[in-house]
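Protein chains in written order, with full-length UniProt numbering: chain A, 1 to 236; chain B, 1 to 236.
Please note: incorrect hints may appear among the correct ones.
Claimed, not checked - Here are the computed distance ranges between Cβ atoms for each label pair:
1. A:182 to B:124: 35 to 45 Å
2. A:119 to B:128: 27 to 37 Å
3. A:50 to B:16: 50 to 60 Å
4. B:171 to A:105: 39 to 49 Å
5. B:67 to A:195: 23 to 33 Å
6. A:57 to B:230: 11 to 21 Å
7. A:31 to B:131: 39 to 49 Å
8. A:167 to B:105: 15 to 25 Å
9. A:127 to B:67: 39 to 49 Å
No lab work stands behind these hints: they were computed from the structure.
We put the beta carbon where it would ideally sit given N, CA and C, even for glycine.
2 protein chains.
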Amino acid sequence: MLDSLNLGRHISGQFNAELESIRTHVLAMGGLVEQQLADALKAMHKQDIELARRVIKDDHKVNAMEVAIDEACTRIIAKRQPTASDLRLVIAIIKTITDLERIGDVAESIAKVALENFTNKQYNLLVSLEALGQSAVRMLHEVLDAFARMDVKAAIDVYQEDDRIDREYEAIIRQLMTYMMEDPRSIPNVLQVMWSARSIERVGDRCQNICEYIIYFVKGKDIRHTSQEELENILK
Amino acid sequence: MLDSLNLGRHISGQFNAELESIRTHVLAMGGLVEQQLADALKAMHKQDIELARRVIKDDHKVNAMEVAIDEACTRIIAKRQPTASDLRLVIAIIKTITDLERIGDVAESIAKVALENFTNKQYNLLVSLEALGQSAVRMLHEVLDAFARMDVKAAIDVYQEDDRIDREYEAIIRQLMTYMMEDPRSIPNVLQVMWSARSIERVGDRCQNICEYIIYFVKGKDIRHTSQEELENILK
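Looking at chain A on its own, in the form it has when it is part of the complex (with noise of 0.2 Å):
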């Protein structure tokens, strides 16, 4: 599979040496990331307040690996001026790396979350979205692998998966809201963990982005905005 990066073609071993070393950035920021969101929800349920500081103060690393690879980019096109599928590697990272960001910046939101209601009784709450939580983990784990390999047939795989985190966040939603519902006086603290819930569910939705940056690297072809069954067309 790696045989699709062809990094073997270009004259300039340089060259190939400086995109490795931008692609390996990506993974390690993207492992990074994954270990963020893992961290904010394990806080959550275990109520770890050391775990949820540690990973408030670490989200910076990933803001600075974001502009240092974003840096790296646009100097590699600056120098190199790559075409082809080089220079589409190049724009997939750079959007890659805006939506890993991102993921970030939700497991800084959820140990925020988790850090203020450590010491409210609907604290039980947050731990319904375990689950949820889970399978956003396990998505960006996927989709981190899916562009390590440059695996089309992987991301697609990947894409679907979103539907069933958007079930999960719908079943939680009306749980919550049921429970609002029975009790209006824990509105505000439920109204903290829908936001919580909603972020992670957007989890899913910067996976799918990732997926989509893959086949534009590895088929040119822009899938944004497609349908599902033209998406499984690119497939034949």
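Given the structure of chain A, go ahead and fit chain B onto it with the hints provided.
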């Protein structure tokens, strides 16, 4: 201010024309998105079913513009191999249109919520979003204006407007929360209004992103994740 684009210095008149054409398309896309957002809010406020339907129907135009501009950007990088400020302009455009497209999605989703709620009793709640919506439309208009002139000073002014939108948003959420607590049967409908409020508030964040791209283009400096204080230093 147009001098900062250095449009005069290209040896290739054709390259000039291409860059200028892309810029014109971005402004046209921005104009359409602004119209969509204003129409969605008007449809909500005036209970105008036809207008709400048209906003939903026209979202595909925004999407198509994004894809077309994105392709034009990739083509110009491959063909003209821009460097320095030309390259920064193209990168700034690639990022700007992503945010514009998402603002278009917000317009569509407001139109959908307005449509779903035309028959229900808490409809008047949706009207409470009008002022917030107007602030968001104004901020979008101003950031597009700053983009057209690549005016850093204007971009920083717009950037700071987001604080006001955040405060308006917080006030609406508090008001809606009180409403829910007083009448728990209203909860499902009020939640719809809250989701709309939140997506309008996010328009402000996306406008801030566009401000950052303007500053990145003009100053060659990535100001994301920069403190307010550092931001003010840029102007010195």
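So, going through the hints one by one against the coordinates:
Our hint of 35 to 45 Å for residue 182 of chain A and residue 124 of chain B is violated, since their Cβ atoms are close to 26 Å apart. A hinted range of 27 to 37 Å holds for the C-beta pair residue 119 of chain A and residue 128 of chain B, which are about 32 Å apart. With their beta carbons about 57 Å apart, residue 50 of chain A and residue 16 of chain B fall inside the hinted range of 50 to 60 Å. Distance hint for residue 171 of chain B and residue 105 of chain A: a CB-CB separation of about 24 Å, inconsistent with the stated range 39 to 49 Å.
About 31 Å separates the C-beta atoms of residue 67 of chain B and residue 195 of chain A, a value consistent with the hinted range of 23 to 33 Å. Between residue 57 of chain A and residue 230 of chain B the Cβ separation comes to about 20 Å, which falls inside the hinted range of 11 to 21 Å. At about 44 Å, the CB distance of residue 31 of chain A to residue 131 of chain B agrees with the hint of 39 to 49 Å. Judged by the Cβ atoms, the range 15 to 25 Å given for residue 167 of chain A and residue 105 of chain B holds: they are separated by roughly 21 Å.
As the Cβ distance of residue 127 of chain A to residue 67 of chain B is approximately 42 Å, the hint placing it in 39 to 49 Å holds.
When each numbered hint is compared with the structure, violations occur for hints 1 and 4.
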